[in-house]
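Input sequences plus hints: build the corresponding full structure.
These protein sequence lines are chains U and Z, in that order. The C-terminal position of the first sequence is numbered 422 in this note's numbering, with every residue numbered one higher than the one before it. The C-terminal position of the second sequence is numbered 422 in this note's numbering, with every residue numbered one higher than the one before it.
Rather than coming from a laboratory, the hints here were simulated on the basis of the structure. A couple of the hints might just be wrong.
Since copy identity is lost for identical chains, a pair holds within one copy or between any two.
[Stated by the list, open to error] Keeping only pairs whose Cα atoms sit at most 20 Å apart, straight-line, the calculated EDC-like set for lysine to aspartate or glutamate is: (1) Lys19 to Asp250; (2) Lys159 to Asp391; (3) Lys159 to Glu365; (4) Lys326 to Glu310; (5) Lys19 to Glu37; (6) Lys326 to Asp76; (7) Lys326 to Asp57; (8) Lys420 to Asp250; (9) Lys19 to Glu365; (10) Lys326 to Glu364; (11) Lys19 to Glu30; (12) Lys19 to Glu183; (13) Lys416 to Asp195; (14) Lys416 to Glu191; (15) Lys4 to Asp47.
Number of protein chains: 2
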Amino acid sequence: MTMKAEIIAVGSELLTPDKIDTNSLFLTEELNKLGIEIVRKTVVGDDRALLMEVFRDAVNRVPLIISSGGLGPTEDDLTRETVAELLGRKLVRSDLIVRAIEARFRSFGRPMPEANLRQAMVPEGSEPLDNPRGTAPGLWLEAHETMIALLPGPPRELKPMFREQVLPRLHRRVSPVRMFHRELRVTGLGESHVDHLAGPVYTRYPEVQTTVLASPGEVQIHLRMWTENAAHAEATFLDIERGLDLALTDRIFSRDGSPLEVIVAQDLLKQNATIAAAESCTGGLFAERLTTIAGSSAYFLGGVVCYSNEMKTAWADVPPELIATKGAVSTEVAIALAEGIRRHVGSTLGVGITGIAGPGGGSEEKPVGTVHIALASATGVRERALRLPGDREMVRLQASQAALDMVRVHFLYNGKTPPKRA
Amino acid sequence: MTMKAEIIAVGSELLTPDKIDTNSLFLTEELNKLGIEIVRKTVVGDDRALLMEVFRDAVNRVPLIISSGGLGPTEDDLTRETVAELLGRKLVRSDLIVRAIEARFRSFGRPMPEANLRQAMVPEGSEPLDNPRGTAPGLWLEAHETMIALLPGPPRELKPMFREQVLPRLHRRVSPVRMFHRELRVTGLGESHVDHLAGPVYTRYPEVQTTVLASPGEVQIHLRMWTENAAHAEATFLDIERGLDLALTDRIFSRDGSPLEVIVAQDLLKQNATIAAAESCTGGLFAERLTTIAGSSAYFLGGVVCYSNEMKTAWADVPPELIATKGAVSTEVAIALAEGIRRHVGSTLGVGITGIAGPGGGSEEKPVGTVHIALASATGVRERALRLPGDREMVRLQASQAALDMVRVHFLYNGKTPPKRA
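Given below as structure tokens:
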């Protein structure tokens, strides 16, 4: 039903511990959308005999091969020659490619090095794929029953070449089946908890392939469906979403794969609200995440990282007596931080975060992972106490995620107390 | 001379756009250290016929195969059966494994599900590899001329199993050649500039494999050498380092792969110095990076993210007239931020960062990427003006890197003016 394809990544650097082939993720997503299934991925070094074997085997197995890498101008770059030999085709010089490479060097004000002429030697009968972002042209070949696309390795060259020049060629040849994709994101529940609640919903749809992935403070639910019928896919996804809404109540924060800071930024903009934060254990991570977004100065007025008790007092008016009696990591200090920073900055919302990220600083009463978060607004202040698992980085990530989620939930219920949840 | 190996990652989820096999990076590093070279990596789905083909071809090519995944208790997990069939061995029940799995479930207070008995069916003559972190045991097989290690997919199960149970078996069989590795990190120069300066040094050592990798604000130089002789490797690396020190002057900040924030933290601790920061365009990234490190409260006293002009004045005493006349993004405001935050917090050093991260906010005079950084200390204040390329994320990363590097250079020259550099 669907067409099968293999992806081959060429390059000795991809067989070292430093570098991994990530082009295949992009290519898989794009090919899946066309209804093309990836059945194998291979990584092979710049070695003629091994390369020949990999391509020969793939040609015998599948009707479509996409390769990346090995198209450069040096002696190490063997993809062109190897594929020509495999298919029994002569290498011929493409004047079109010579001119394109010459033009590229001319635009830098440099003459074309002799070595780059190698890149113009292509297997007879192949179609060059223009590369405006580099010197290595791609190639499209058809032989026997197989289509082969040879693409350059650098992602910024490969991606546009694939989209602009390979996709149209594939469109003409593939079946009308497409892959449709929906990504929901959930926070406040662990992976197995999400799976326990969501499983009974999504397993009712055997035609939808579901993948549940977890990262600190977040679970992603990927829904994929292969069909000719876009309306059917959309209706099925909506149906599943409705079921998941019931199962996961208000834990789903994103329905298009956007991260939580983007969702919170949209809420702030929509409500014409501003925000400020006083952070201790997260060390600026909350501010950093909210300000990764372009235009964040419209809602993020300022933040302080008050690691020392003195700074908690100086910047957020936390009374020294409160720190002395309750401890810097406490409900009371989180509330004082949130209210103090809101007052200082004059923002709509104020966030206070204090906790023990570890590995040191924990005690029996307040172990590593103890975090208190408060959100102050015109209607009052709300507080959460958390015990977060994992190492320093995980505690900080989860704490920033929980703080962002308090802001989201605040807007969701218009500042009123949210109902008890799963 | 060196042994050749292939890595096979099994699992249909590794052929989706969501998930990539990263176990192979760990395995490559570990195998390289033993002098074993990876010649091919293959990813294949949970499909019996395809799996069989992949293993059969690999057995015919190399003396060592390491696979990950496909050892779970479900019908999808086919690695055990496939390898048994390929080698013409019966599946036999391992009572050792049954007992191990039963014990694991007992420790959770649950009976072993019937399905998990599948995991105890192993090819005759194989050695089980215990898995204290999961139910899927690994397997070690030797057949014809080939060693095969079947490992579970989850990295937290695979890594200790490989280290504790596969490495000792390999140690007994491999040649005395080992891989030695050194990672240097450089900042303040682009990748091609580093390569231009460093190339003449490292190309003099053909026995050392050099990889130059770039990320925003940083270039990594990996040196790898395959030899029996540890002293020779160490002497060669030292020789290259001396050459690179001359070529790159003080741009090398790390000789063991540590990131810049770790180096700066060490400097601060060594000098018994403290630091505070007033950030605008980096939005807390500078503070966040310095506080990722355990024990950072010893030197990081506090930071402010003063996005708005009012907060620049409130938290770092930047005179409103200065902002009005020079602009928020200016040498003068960076200096005022650094001096103001140092005075406010009472730290040894104060850092001020102001700039335009984009995509909006640029002008002809001050385009996106314009960043001013200042470092205030007891001996005065130093300032840098930068024009950084790339998108918002890249500008922020590079700006935080440049600010950290000013602190490093400050300690390198004891607060005196550094010499003119490459």
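Hints, one by one, checked against the model:
Taking the shortest Cα distances, Lys19 and Asp250 never come within 20 Å of each other, neither inside one copy (39 Å) nor across copies (27 Å). In this assembly of identical chains, the alpha carbons of Lys159 and Asp391 lie at most 20 Å apart only when taken from different copies (18 Å versus 36 Å within one copy). When the C-alpha separation of Lys159 and Glu365 is checked against a cutoff of 20 Å, the pair qualifies neither within a copy, at 53 Å, nor between copies, at 33 Å. In this assembly of identical chains, Lys326 and Glu310 lie within 20 Å of each other by CA distance solely inside one copy; the values are 15 Å within and 32 Å between copies.
In the homo-oligomer, the alpha carbons of Lys19 and Glu37 lie at most 20 Å apart only across protomers (15 Å), although the nearest pairing inside one protomer, at 25 Å, exceeds that limit. In the homo-oligomer, the alpha carbons of Lys326 and Asp76 never lie at most 20 Å apart, since the shortest distance is 66 Å inside one protomer and 53 Å across protomers. In this homomeric assembly, Lys326 and Asp57 never come within 20 Å of each other (Cα to Cα): the closest approach is 69 Å inside a single copy and 66 Å across copies. Proximity of Lys420 and Asp250 under a CA criterion of 20 Å is satisfied intra-copy only: 10 Å inside one chain copy versus 58 Å between copies.
Taking the closest pair of Cα atoms, Lys19 and Glu365 never come within 20 Å of each other, the shortest separation being 44 Å inside a single copy and 39 Å across copies. Proximity of Lys326 and Glu364 under a CA criterion of 20 Å is satisfied intra-copy only: 16 Å inside one chain copy versus 53 Å between copies. Within a single copy, Lys19 and Glu30 get their C-alpha atoms only as close as 22 Å, which misses the 20 Å cut-off; across copies the closest is 15 Å, which meets it. In the homo-oligomer, the alpha carbons of Lys19 and Glu183 lie at most 20 Å apart only across protomers (14 Å), although the nearest pairing inside one protomer, at 27 Å, exceeds that limit.
Neither within a single protomer nor between protomers do Lys416 and Asp195 lie at most 20 Å apart by alpha-carbon distance, with minima of 29 Å and 59 Å respectively. Within a single copy, Lys416 and Glu191 get their C-alpha atoms no closer than 28 Å, and across copies no closer than 53 Å, so neither meets the 20 Å cut-off. Proximity of Lys4 to Asp47 under the C-alpha cut-off of 20 Å is restricted to the inter-copy arrangement: shortest distance 14 Å between copies versus 26 Å within a copy.
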